[in-house]
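S.K.: Residue strings, one per chain:
There are 2 protein chains.
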Amino acid sequence: MKASEIRELLKLLDQPDIISFAGGIPDPSLFPVEAAKAATNAALSDPAKAAQALQYSISEGYVPLRRWIAAHMGRLGVACTIDNILITNGSQQALDFLAKVMISPGDTALVTAPTYLGALQAFNGYEPRYDTLKIDGGNATPASYAEAAKAAGGRVKFAYVVPDFANPSGETMDVAARDKLIDLAEDLDAAIIEDTAYEALRFEGEALPTILSLDIARHGHIDATRTIYCGTFSKTLAPGYRVGWVCAAAPIIQKLVLVKQASDLHSSTINQMIMHGIAEAAYDTQVEAAKALYKGRRDALLAALAREMPAGVEWTKPEGGLFVWVTLPEHIDGAELLARAIAEERVAFVPGAAFYATETRKNTLRLNFSSPTIPQIETGIARLAALIRRM
Amino acid sequence: MKASEIRELLKLLDQPDIISFAGGIPDPSLFPVEAAKAATNAALSDPAKAAQALQYSISEGYVPLRRWIAAHMGRLGVACTIDNILITNGSQQALDFLAKVMISPGDTALVTAPTYLGALQAFNGYEPRYDTLKIDGGNATPASYAEAAKAAGGRVKFAYVVPDFANPSGETMDVAARDKLIDLAEDLDAAIIEDTAYEALRFEGEALPTILSLDIARHGHIDATRTIYCGTFSKTLAPGYRVGWVCAAAPIIQKLVLVKQASDLHSSTINQMIMHGIAEAAYDTQVEAAKALYKGRRDALLAALAREMPAGVEWTKPEGGLFVWVTLPEHIDGAELLARAIAEERVAFVPGAAFYATETRKNTLRLNFSSPTIPQIETGIARLAALIRRM
Numbered sequence: 001m002k003a004s005e006i007r008e009l010l011k012l013l014d015q016p017d018i019i020s021f022a023g024g025i026p027d028p029s030l031f032p033v034e035a036a037k038a039a040t041n042a043a044l045s046d047p048a049k050a051a052q053a054l055q056y057s058i059s060e061g062y063v064p065l066r067r068w069i070a071a072h073m074g075r076l077g078v079a080c081t082i083d084n085i086l087i088t089n090g091s092q093q094a095l096d097f098l099a100k101v102m103i104s105p106g107d108t109a110l111v112t113a114p115t116y117l118g119a120l121q122a123f124n125g126y127e128p129r130y131d132t133l134k135i136d137g138g139n140a141t142p143a144s145y146a147e148a149a150k151a152a153g154g155r156v157k158f159a160y161v162v163p164d165f166a167n168p169s170g171e172t173m174d175v176a177a178r179d180k181l182i183d184l185a186e187d188l189d190a191a192i193i194e195d196t197a198y199e200a201l202r203f204e205g206e207a208l209p210t211i212l213s214l215d216i217a218r219h220g221h222i223d224a225t226r227t228i229y230c231g232t233f234s235k236t237l238a239p240g241y242r243v244g245w246v247c248a249a250a251p252i253i254q255k256l257v258l259v260k261q262a263s264d265l266h267s268s269t270i271n272q273m274i275m276h277g278i279a280e281a282a283y284d285t286q287v288e289a290a291k292a293l294y295k296g297r298r299d300a301l302l303a304a305l306a307r308e309m310p311a312g313v314e315w316t317k318p319e320g321g322l323f324v325w326v327t328l329p330e331h332i333d334g335a336e337l338l339a340r341a342i343a344e345e346r347v348a349f350v351p352g353a354a355f356y357a358t359e360t361r362k363n364t365l366r367l368n369f370s371s372p373t374i375p376q377i378e379t380g381i382a383r384l385a386a387l388i389r390r391m
Numbered sequence: 001m002k003a004s005e006i007r008e009l010l011k012l013l014d015q016p017d018i019i020s021f022a023g024g025i026p027d028p029s030l031f032p033v034e035a036a037k038a039a040t041n042a043a044l045s046d047p048a049k050a051a052q053a054l055q056y057s058i059s060e061g062y063v064p065l066r067r068w069i070a071a072h073m074g075r076l077g078v079a080c081t082i083d084n085i086l087i088t089n090g091s092q093q094a095l096d097f098l099a100k101v102m103i104s105p106g107d108t109a110l111v112t113a114p115t116y117l118g119a120l121q122a123f124n125g126y127e128p129r130y131d132t133l134k135i136d137g138g139n140a141t142p143a144s145y146a147e148a149a150k151a152a153g154g155r156v157k158f159a160y161v162v163p164d165f166a167n168p169s170g171e172t173m174d175v176a177a178r179d180k181l182i183d184l185a186e187d188l189d190a191a192i193i194e195d196t197a198y199e200a201l202r203f204e205g206e207a208l209p210t211i212l213s214l215d216i217a218r219h220g221h222i223d224a225t226r227t228i229y230c231g232t233f234s235k236t237l238a239p240g241y242r243v244g245w246v247c248a249a250a251p252i253i254q255k256l257v258l259v260k261q262a263s264d265l266h267s268s269t270i271n272q273m274i275m276h277g278i279a280e281a282a283y284d285t286q287v288e289a290a291k292a293l294y295k296g297r298r299d300a301l302l303a304a305l306a307r308e309m310p311a312g313v314e315w316t317k318p319e320g321g322l323f324v325w326v327t328l329p330e331h332i333d334g335a336e337l338l339a340r341a342i343a344e345e346r347v348a349f350v351p352g353a354a355f356y357a358t359e360t361r362k363n364t365l366r367l368n369f370s371s372p373t374i375p376q377i378e379t380g381i382a383r384l385a386a387l388i389r390r391m
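Here the protein sequences come in this chain order: A and B.
The opening position of the first sequence corresponds to residue 1 in full-length UniProt numbering, with each subsequent residue numbered one higher.
The opening position of the second sequence corresponds to residue 1 in full-length UniProt numbering, with each subsequent residue numbered one higher.
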């Protein structure tokens, strides 16, 4: 299934009788509208601030927001300054910039199977070769990765991971896997792109150290690390402002600032000021509210799957995030299931094939639990399970 | 002078005793703060609208804004629909996307000498070869451009122009030059990138037809044209929201939508809603106010140059926009003049050398008249002229 087909599919979300597990977007009931109004008023009611808010600004990003983010990164075990922070238009733009800086046609990007579709879309424009990153080690060695990359006419430039509650798998890398990934990247002299879109949305269990913090622990200082942390407010506060960030070694940030300047000069000045205001006023309460809402929906989804699905269907048990990944019996193609699910059961999801860079497993699908309500989840999974039994 | 040095220079603008002609930014006294407040309230006070404003949205851009722009383009002689419009983060992002889509390393981009520095920064990431576009014809032929491009290992992919009150030259292409450019592009089977950042800021004289409208007149329909119009609200309403657009043949827009999606998903939803509200409420009055303010400053600048500058100094007489281009006697280097102007006279400007893609004319400089006040213009030019007389 192509991106264009998924786009067509997403249009179905507007049909009120479709129960959709296809999205990947926050529940808008969580949006911090009052904090947004207050922050906007603060930016526009003072003439000097308004003159700044509506004007061009520096490519690095609004200093008070970068200061807030640097302190936030400190709470995640990443000692850094504003010189380690670049503001981007969501983390999607960071992925685009990183591929632009690192990938020449024929270079290799290591990605998991499955991986985030939007990352593949960002990387594809720079014509990488993909190789499969095995989070649990598997049997690939640094030498085997390097040799395959060389044979393809380039080298391994980075490994891309979503370490917490990944999109689409819902899975989390344990500390050993994170450490092994740093070993691999060091052996390959490659970067690690750590996409933390869902990291804040942990419903249970201990938070794990970020890969960047483990890299700092090895090398003593962020400026000696190879891990590039991509953060975003899209899943915790609101995606409509398009504010995310990169946190990395200062020399990497300096390169990315030039890319940012060439690409769109800077992220919206007023949006950065507003996001700073919202973060100051409401970050923790927003995150708590999101976790409470999504945990209830995840619990309902896992319970419904256990109750309804026939033998031979398996799924992940995410400790957070927005997604559960389902593996069907080999004979069921997720795309065919989707066509029938919409026609016969008025249920939608994203077939899994789109999330693979190389070899595809068609008997997979992604279920989102941030958008459907608990009654919709229960009805939708019962209907989907009934259809699977008929196939 | 490198971009990094110009950035250092721009930091001087914060020093209150410097009279700066170095900027290229709107006067913040013009910003539509009340309209921005009203549009923000409209977006956030209705819960359904707020849920839309703070959410993800489609890559093409907010439909009511694209509808407003399509009607605006109609007033500029460009019959089009929303399928011909993509919203970008200012026109800078459009330049980046167009180079990404069209340029492979070694392909040729035709640019004027001088040309917009930000365009060169956007294009450089894709490693074009540059050749000089002679607006007035000159002695280059389509065959000579094509042969030189082929010898460099690619072909001419586009010609980039700022047809009205160009940055940095202040010059405007007449209708004959616009028609000749279409001829050339057709001979070369190349695109035309029409950057109209300053088009709305005409102080006097008749508005000239856009290149896109001339292209439509030849071919009967926008979808049969090769001209890609890049528009922005940055100079007419406010740059801080980062909202611009591309207007072009639908097949070109469809390609760019995929680039937009891969690059940053979409421009800020709420900013597009706010910009639509401001444009509906205040576009014409904002443009009139900007023209009145900047015309007064341009008049003061041209009068001061005529009054103060010694023989051997020449400058353009722009009918609009933000910039006057000055050519010094051959023995004066603009960068050396800048260093002395700051040290001895507390006056800043941008040396001209940065604006050349290929052969550089160092005895040039760009003067901005949108930021300094009339008394600053009069004092600043008198000081600069006194320094030039000493060199």
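There's no promise every hint is true.
One copy or two, either will do: identical chains are not told apart, so a pair holds if it fits within one copy or between any two.
[As the list claims (entries may be wrong)] Listed below are the simulated SDA-like cross-link pairs for lysine to any residue, each with C-alpha atoms no more than 20 Å apart in a straight line:
no., residue 1, residue 2
1, K317, I58
2, K37, P47
3, K49, Q15
4, K291, A382
5, K291, A51
6, K255, A151
7, K49, A38
8, K317, P47
9, K317, V33
10, K49, S29
11, K37, K49
12, K317, F203
13, K134, M309
14, K37, A48
15, K37, A51
16, K134, I342
For the record, the hints were derived by calculation from the structure and aren't laboratory data.
S.K.: Please go over all the hints and tell whether each is borne out by the structure.
M.R.: The hints, checked one at a time:
no., hint, in the structure
1, K317 x I58, "neither (43 Å within a copy, 31 Å between copies)"
2, K37 x P47, "both (17 Å within a copy, 12 Å between copies)"
3, K49 x Q15, "between (43 Å within a copy, 18 Å between copies)"
4, K291 x A382, "neither (25 Å within a copy, 64 Å between copies)"
5, K291 x A51, "between (37 Å within a copy, 19 Å between copies)"
6, K255 x A151, "neither (28 Å within a copy, 32 Å between copies)"
7, K49 x A38, "both (14 Å within a copy, 17 Å between copies)"
8, K317 x P47, "neither (51 Å within a copy, 34 Å between copies)"
9, K317 x V33, "neither (32 Å within a copy, 49 Å between copies)"
10, K49 x S29, "between (30 Å within a copy, 12 Å between copies)"
11, K37 x K49, "both (15 Å within a copy, 13 Å between copies)"
12, K317 x F203, "within (12 Å within a copy, 65 Å between copies)"
13, K134 x M309, "neither (28 Å within a copy, 70 Å between copies)"
14, K37 x A48, "both (18 Å within a copy, 15 Å between copies)"
15, K37 x A51, "both (18 Å within a copy, 13 Å between copies)"
16, K134 x I342, "neither (34 Å within a copy, 58 Å between copies)"
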